Amino acid sequence: MTPTPTPNGALPRTATRLLLAERVVGPLRPEHFHRETVPLAPPAAGEVLVGNRFMAVDPAIRGRMDHTAGPGWAYLPGEPIGAVTVGEVLASAAGEVPVGARVLSFLGFRDYATVPASDVEVIDPLLGDRPIEDGLTVLGNPGLTAWVGVRQVGQVRAGETVLVSGASGGIGSLAGQIARLAGARVIGSAGSDEKARWLVDELGFAASYNYRAEDPDEALARLAPDGIDVYFDNTGGPQLAAAIGRLRRRGRVALCGAVSGYDSGGSPLHLSNVSDLVRGGLTIQGYVVTDYRDTWPAGTGELQEWLRRGELRAPHTVVDGLDRAPEALAQILRPGSSHTGKMLVRLT
1 MTPTPTPNGA
11 LPRTATRLLL
21 AERVVGPLRP
31 EHFHRETVPL
41 APPAAGEVLV
51 GNRFMAVDPA
61 IRGRMDHTAG
71 PGWAYLPGEP
81 IGAVTVGEVL
91 ASAAGEVPVG
101 ARVLSFLGFR
111 DYATVPASDV
121 EVIDPLLGDR
131 PIEDGLTVLG
141 NPGLTAWVGV
151 RQVGQVRAGE
161 TVLVSGASGG
171 IGSLAGQIAR
181 LAGARVIGSA
191 GSDEKARWLV
201 DELGFAASYN
211 YRAEDPDEAL
221 ARLAPDGIDV
231 YFDNTGGPQL
241 AAAIGRLRRR
251 GRVALCGAVS
261 GYDSGGSPLH
271 LSNVSDLVRG
281 GLTIQGYVVT
291 DYRDTWPAGT
301 GELQEWLRRG
311 ELRAPHTVVD
321 GLDRAPEALA
331 QILRPGSSHT
341 GKMLVRLT
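Start counting the sequence shown at 1; every next residue gets the next number (my numbering).
Treat the hints as calculated values from the structure; they're not laboratory data.
Among the hints, a few may not be true.
Unchecked claim - Pair ranges (Cβ atoms, derived):
(1) 217 <-> 296: 13 to 21 Å
(2) 131 <-> 214: 29 to 37 Å
(3) 320 <-> 22: 34 to 42 Å
(4) 194 <-> 158: 27 to 35 Å
(5) 128 <-> 318: 20 to 28 Å
(6) 217 <-> 294: 37 to 45 Å
(7) 68 <-> 249: 50 to 58 Å
These figures come from a predicted structure and were not determined experimentally.
In this text, a Cβ means the ideal position worked out from N, Cα and C, and glycines have one as well.
Starting from the given sequences, assemble the full structure and let the hints guide the process.
And the structure:
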């Protein structure tokens with residue numbers, strides 16, 4: 001099949017990508033990345049050439065770069081670094097994926113790629129008239145991860161009190177809004193006074209606090225004197241310990257992430273009395289969104305409807321240029337970083 005070119009006939013001939021230069025020990029640094037430019041072939045039969053528009057910057061990327069990451073999970077020196085991307089098909093030799101289609105893929109830290117059509121997912125029916133970056137925010141993995149944690153794992157019900165840590169981030173900001181839409185009273189923790197105010201003023205949280213300025217135990221005693229029913233955890237560490245201590249009977253914890261330890265060798269949790277979990281009838285459950293594929297259609301339907309009605313926002317922060325991707329990854333791992341919502345890198 002002859003490739004169908006872009007409308008102006010001009011296709012890129014090279015692609016730029018970032019590789020892992022060395023396994024990471026300690027905080028992420030620029031020298032952990034290696035930039036290279038490689039030839040870009042036009043698509044052969046069954047292939048498409050994709051121009052990546054946006055790349056999602058996820059804390060889990062840092063974990064796969066770490067020197068302690070195990071086989072099958074770790075990125076190795078000299079390997080491309082993976083990340084979820086959205087882009088547009090610039091040329092196609094696959095009839096099922098036409099030129100101009102908006103596609104979701106795992107093409108990572110790179111601007112262009114020629115890949116089998118089976119490696120991309122056309123998301124135009126999902127997006128409709130929404131911006132392409134929504135495929136990496138509310139209608140992508142962050143939205144579904146938040147929805148699964150709140151609806152399936154946390155089983156949040158109207159009238160309950162829900163605490164969300166990392167609430168100003170890509171998943172936490174959506175989890176708090178979804179819990180609010182379920183009828184819960186939502187408290188969020190964030191790493192600055194400005195972010196804490198943003199949660200209340202912009203996203204409709206009932207209350208918030210700056211975990212860097214106020215001890216989590218004291219904040220929860222002040223904001224939830226009668227306890228909390230559900231804790232949606234993005235951070236691990238001291239915030240998780242404090243939340244467990246404030247759970248009401250039959251309380252639930254949805255363990256989504258532990259970003260507090262990704263760049264420092266782990267996120268320890270010290271429980272003073274495990275028997276309290278038994279007496280309280282508490283449930284603490286870690287999860288990954290791919291274990292809940294059968295619920296994705298329901299989740300996507302709810303997310304789309306909330307967007308249509310203007311009840312759900314898709315906050316995100318954008319930095320421009322592939323060369324700034326390492327900076328963006330380091331920023332989301334840094335306590336007190338300035339970004340809100342999902343961190344995206346605009347590529348082409």
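Here's how the hints hold up against the structure:
| no. | hint | in the structure |
| --- | --- | --- |
| 1 | 217 <-> 296: 13 to 21 Å | violated (37 Å) |
| 2 | 131 <-> 214: 29 to 37 Å | holds (36 Å) |
| 3 | 320 <-> 22: 34 to 42 Å | violated (26 Å) |
| 4 | 194 <-> 158: 27 to 35 Å | holds (30 Å) |
| 5 | 128 <-> 318: 20 to 28 Å | holds (21 Å) |
| 6 | 217 <-> 294: 37 to 45 Å | holds (38 Å) |
| 7 | 68 <-> 249: 50 to 58 Å | violated (37 Å) |
The structure fails to meet hints 1, 3, 7 from the earlier list, while all remaining hints are met.
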